[in-house]
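Protein chains: 2
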Amino acid sequence: MSGPRWGRVTVVSPGLIGGSVARGLRSRRLCREVMVVARHEAAIRTVLDAGAADAGTTDLTEGVTGASLVVLCAPVSALPGMIRAAWPHLVPGAVLTDAGSVKRGVVEAARECPTRPDASFVGGHPMAGSERSGFEASDGDLFEGKVALVTPTADTPAAAIAAATDLWESLGSTVRHLSPETHDHLVAEISHLPHLAAYALVAAAEADALPLVGRGFVDTTRIAASAESLWTDIFRDNRRPLLDALTRYEAVLDRWRDLVARGDWATLEAELGRAREVREKLG
Amino acid sequence: MSGPRWGRVTVVSPGLIGGSVARGLRSRRLCREVMVVARHEAAIRTVLDAGAADAGTTDLTEGVTGASLVVLCAPVSALPGMIRAAWPHLVPGAVLTDAGSVKRGVVEAARECPTRPDASFVGGHPMAGSERSGFEASDGDLFEGKVALVTPTADTPAAAIAAATDLWESLGSTVRHLSPETHDHLVAEISHLPHLAAYALVAAAEADALPLVGRGFVDTTRIAASAESLWTDIFRDNRRPLLDALTRYEAVLDRWRDLVARGDWATLEAELGRAREVREKLG
Chain A
1 MSGPRWGRVT VVSPGLIGGS VARGLRSRRL CREVMVVARH EAAIRTVLDA
51 GAADAGTTDL TEGVTGASLV VLCAPVSALP GMIRAAWPHL VPGAVLTDAG
101 SVKRGVVEAA RECPTRPDAS FVGGHPMAGS ERSGFEASDG DLFEGKVALV
151 TPTADTPAAA IAAATDLWES LGSTVRHLSP ETHDHLVAEI SHLPHLAAYA
201 LVAAAEADAL PLVGRGFVDT TRIAASAESL WTDIFRDNRR PLLDALTRYE
251 AVLDRWRDLV ARGDWATLEA ELGRAREVRE KLG
Chain B
1 MSGPRWGRVT VVSPGLIGGS VARGLRSRRL CREVMVVARH EAAIRTVLDA
51 GAADAGTTDL TEGVTGASLV VLCAPVSALP GMIRAAWPHL VPGAVLTDAG
101 SVKRGVVEAA RECPTRPDAS FVGGHPMAGS ERSGFEASDG DLFEGKVALV
151 TPTADTPAAA IAAATDLWES LGSTVRHLSP ETHDHLVAEI SHLPHLAAYA
201 LVAAAEADAL PLVGRGFVDT TRIAASAESL WTDIFRDNRR PLLDALTRYE
251 AVLDRWRDLV ARGDWATLEA ELGRAREVRE KLG
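Chains as they are written, first to last, in my numbering: chain A, 1 to 283; chain B, 1 to 283.
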């Protein structure tokens, strides 16, 4: 066995995702040192007391300096500013990546940074969210068995792709590469729209109905317990693909409404059956 | 301790729900004898081999005769015919009930049966469904901790209400009474619409997106793995309330689409927050 894969890895914003990255790196001894950057001293103390990192700072520049890999795990609206702030301080050879749910904004922010042949950025997105948030919900095994998406562009250096791929694979995920545009389009369908749909199911239910719910409603709307600030952020950042996905979704609902209204049960059953077959394959 | 609560209880159609009722009655010794009625001998043998019943028959008349409580657990479209077929054969004092997801049709079928002062019907609906179906998915503890709905009308004898309430409470559920109309209206919102919405989320997702899904999509669409024949049946039987619930749901989606399109993030976040608060209370 060789030593740890990385020297210092810096995790910025140790919430659910960042805390889980820090814990996972440390428990697997994947790097010599895990450094966390948080806005408040109290958050850093919590992370250090939990044994989830070796060191911490509230200063992004200090946190980035000396790191061979920097993983930005803040809410999506904060990421472009962090990329711009971190970029000049990356040491030669360093890779900057993120864990945000939308990729267009971060990829554009990185593209607009001054050219540096000795540092690189690639977007990432572990599909490991939860309705819970914050460091107290973090778990070093959160990424085990999950899918993680890495979103290179034509300009992304191979070293950056390799580092981000290594990171998520080392934490137990299966990594898939896709373009930032494809990512945002597909994730709108399988994550952003389902969140909006789940919130809407709750919003559309009358108060009298809620004491009667069974497991079906509870599971279907679990993600509607997610922090609305994070999701408003994501919807804002991925507005166009979300609207497109919503249009496709409402087209299906409208078609099925029409089948129900007309009493065309055979066609409805056939269409539900196709969806059931697809869903069964997801396990 | 007194002896078992009932003499013979007959469970018609021992699938997920019926099999669970039979198992739960037997394991808790709630009656002297559990009789099952199924269409095929093979199904009866399976139930008896599993120790889920004491006796079985493919003949509804034979199964109903001598039972103090008859629980119809077939798909909703089969229930009115079963009520008509069972009614003349109920012994004096017997209570007939069902476990279907829609109550208008069964209540009407029972109302149209010849008056019998010595037998009674009341509708029931355990909120304990699953994407799985069939006897092999049954579980005697399925109803523990769940809500069960009992739907009397102004004409329902107190003895019928008491028997159906006893049944579900004995199996571990919390029972709530509501009118058949209110039941169908509220259940459309918290069960039927969520099923349609979940099937539609799967139908609206492109094939390329499916290998990328995380737990959010998997949970939100779990019920889209449900048997489409059962759900087409339910949608047919509860058409008007389902369409009303769909209208309310699409009104929320349309309003939120407008907020996203206009970029009114503060209003959107406030509305998502109200849904999140409601959802959190469901646990």
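If you're looking for bench data, these hints aren't it; they were derived computationally from the structure.
Possibly wrong hints are sitting among the right ones.
If chains are identical, the list can't say which one is meant, so a pair holds when it fits in one copy or spans any two.
In silico SDA-like links for lysine to any residue, alpha-carbon gap of 20 Å or less [stated by the list, open to error]:
{"#": "1", "residue 1": "K281", "residue 2": "G7"}
{"#": "2", "residue 1": "K146", "residue 2": "D208"}
{"#": "3", "residue 1": "K281", "residue 2": "A109"}
{"#": "4", "residue 1": "K146", "residue 2": "R28"}
{"#": "5", "residue 1": "K281", "residue 2": "I44"}
{"#": "6", "residue 1": "K281", "residue 2": "A154"}
{"#": "7", "residue 1": "K146", "residue 2": "P117"}
Quick caveat, the model's predicted, so the values are computed rather than measured.
Practice task
Classify it for me, K146 with D208: is the Cα-Cα distance of at most 20 Å met within a copy, between copies, both or neither?
Solution key: Classified as between: cross-chain Cα gap 17 Å, same-chain 37 Å, threshold 20 Å.
Exercise for the section: Can you give me the call for K146 and P117, within, between, both or neither, at a CA distance of at most 20 Å? Expected result: neither (32 Å within a copy, 61 Å between copies)
Practice task
Please work out whether the CA atoms of K281 and A154 approach to 20 Å or closer within one copy, between two copies, in both situations, or in neither?
Solution key: For K281 and A154, neither the intra-copy (33 Å) nor the inter-copy (47 Å) Cα distance is at most 20 Å.
Practice task
Check K146 against R28 for me: Cα-Cα at most 20 Å, and say if that holds within a copy, between copies, both or neither.
Solution key: This pair counts as within: shortest intra-copy Cα distance 17 Å, inter-copy 41 Å.
Exercise for the section: Have a look at K281 and G7 and pick one of within, between, both or neither, based on CA distance no larger than 20 Å. Expected result: Neither way: K281 and G7 sit 40 Å apart in one copy and 45 Å across, limit 20 Å.
Exercise for the section: Can you give me the call for K281 and I44, within, between, both or neither, at a CA distance of at most 20 Å? Expected result: neither (42 Å within a copy, 31 Å between copies)
Problem - K281 and A109: within-copy, between-copy, both or neither at 20 Å Cα - result: Neither way: K281 and A109 sit 37 Å apart in one copy and 39 Å across, limit 20 Å.
Comparing the model with each earlier hint shows violations of hints 1, 3, 5, 6, 7; every other hint is respected.
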